[in-house]
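Enquirer: Sequences are here, hints too, so could you generate the full structure?
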Amino acid sequence: METYKVRIVSTGAEIRSAPTVEVSCFYPTGNCYRPRTTAAMVYVRGKGFLARMKCWETEPKADERTADCDVYKDSCLEWFVNFAPEKGDCYLNLEGNAAGTLHCKYGKDRYVRMTLSELGVEIRPTAEVRILPDHWQIDYFVPLALVVKVFGKNSFQPGDRLRGNFYKCGDETAAPHFGMWNPVKVEPLDFHRPDYFGELVLVSDPHQN
203 METYKVRIVS TGAEIRSAPT VEVSCFYPTG NCYRPRTTAA MVYVRGKGFL
253 ARMKCWETEP KADERTADCD VYKDSCLEWF VNFAPEKGDC YLNLEGNAAG
303 TLHCKYGKDR YVRMTLSELG VEIRPTAEVR ILPDHWQIDY FVPLALVVKV
353 FGKNSFQPGD RLRGNFYKCG DETAAPHFGM WNPVKVEPLD FHRPDYFGEL
403 VLVSDPHQN
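If you count by the working numbering, then the sequence shown holds residues 203 to 411, one letter each, in order.
Simulated from the structure, these hints should not be mistaken for laboratory data. Just to be clear, a hint being listed does not mean it is correct.
Derived CB-CB ranges, DEER-like [what the hints assert, rightly or not]:
no., residue 1, residue 2, range
1, Glu320, Glu216, 18 to 26 angstroms
2, Met203, Pro230, 18 to 26 angstroms
3, Val314, Cys234, 30 to 38 angstroms
4, Cys234, Ser357, 42 to 50 angstroms
5, Leu321, Cys234, 36 to 44 angstroms
6, Leu334, Glu389, 32 to 40 angstroms
7, Gly354, Ile333, 31 to 39 angstroms
8, Gln359, Thr231, 26 to 34 angstroms
9, Pro230, Gln359, 37 to 45 angstroms
10, Pro390, Ser357, 34 to 42 angstroms
11, Gly290, Val403, 14 to 22 angstroms
12, Asp392, Ile325, 24 to 32 angstroms
13, Glu374, Arg332, 21 to 29 angstroms
For each residue, glycine too, the CB sits at the ideal point set by N, CA and C.
Expert: Printed below as a string of structure tokens:
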């Protein structure tokens with residue numbers, strides 16, 4: 203199991219100095235397309251969780267435009283996270299394309315998940331995209347109020363352990379590809395397996411020590 207240290211910071215801008223991980227474990231697909239993909243994550247104290255994912259590909263497919271639609275068919279960056287693993291295996295899956303279209307559901311696996319509106323939750327995460335000449339990036343922000351509403355947890359301290367994974371995929375792109383940070387070792391491949399999530403450990407902001 204991979205482990206990532208999530209810094210507790212004061213502002214979202216500090217994501218720029220957060221350590222990154224490589225989403226570099228690709229499932230064999232018969233093609234050689236393996237775009238470099240990185241991820242970083244911070245907890246903005248009292249506000250929420252921010253994850254920044256980057257992918258070094260140009261002209262990413264981004265056809266889907268409706269919230270909670272099948273963005274995995276496009277070039278897609280994904281962040282699955284369980285903010286309270288001590289309470290069970292349920293997680294949020296955030297999936298976004300280069301148009302900023304966000305798919306988000308909550309549940310315990312591929313088959314038992316609901317949209318936030320189906321849960322009666324009006325708060326949603328945000329997905330902010332930047333397109334650059336050689337890569338594109340997406341910033342996912344999950345407000346603390348959403349975490350409280352869905353996971354029932356409102357306080358996070360150094361040493362707290364979350365679970366999650368970062369993915370890069372494109373099911374219906376010219377070169378289908380399926381990349382992972384923490385390897386998922388099942389056949390057929392299924393990203394919706396919290397038993398293969400990595401560990402996300404909260405640590406103090408080193409700049410405040």
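Enquirer: Against each hint, give a clear statement of whether it holds in the structure.
Expert: Checked hints:
At about 34 angstroms, the beta-carbon gap between Glu320 and Glu216 misses the expected band of 18 to 26 angstroms. For the pair Met203 and Pro230, the supplied restraint of 18 to 26 angstroms holds, since their beta-carbon distance comes to about 22 angstroms. A C-beta distance of roughly 35 angstroms is found between Val314 and Cys234, which places it inside the suggested range of 30 to 38 angstroms. Taking 42 to 50 angstroms as the suggested C-beta distance range, the pair Cys234 and Ser357 conforms, at roughly 46 angstroms.
At about 41 angstroms, the CB distance of Leu321 to Cys234 agrees with the hint of 36 to 44 angstroms. In this structure, Leu334 and Glu389 meet the distance hint of 32 to 40 angstroms, their C-beta atoms being roughly 36 angstroms apart. At about 37 angstroms, the CB distance of Gly354 to Ile333 agrees with the hint of 31 to 39 angstroms. Under the hint 26 to 34 angstroms, the C-beta atoms of Gln359 and Thr231, about 41 angstroms apart, miss the expected range.
Pro230 and Gln359 have their C-beta atoms about 41 angstroms apart, which keeps the hinted 37 to 45 angstroms range intact. With their beta carbons about 39 angstroms apart, Pro390 and Ser357 fall inside the hinted range of 34 to 42 angstroms. Hint check: Gly290 to Val403, Cβ distance near 19 angstroms, so the stated range 14 to 22 angstroms holds. Between Asp392 and Ile325 the C-beta distance comes to about 28 angstroms, which sits within the given range of 24 to 32 angstroms.
Restraint check, Glu374 to Arg332: a C-beta distance of roughly 24 angstroms satisfies the suggested window 21 to 29 angstroms.
In this structure, the earlier hints numbered 1, 8 are contradicted, and the remaining ones agree with it.
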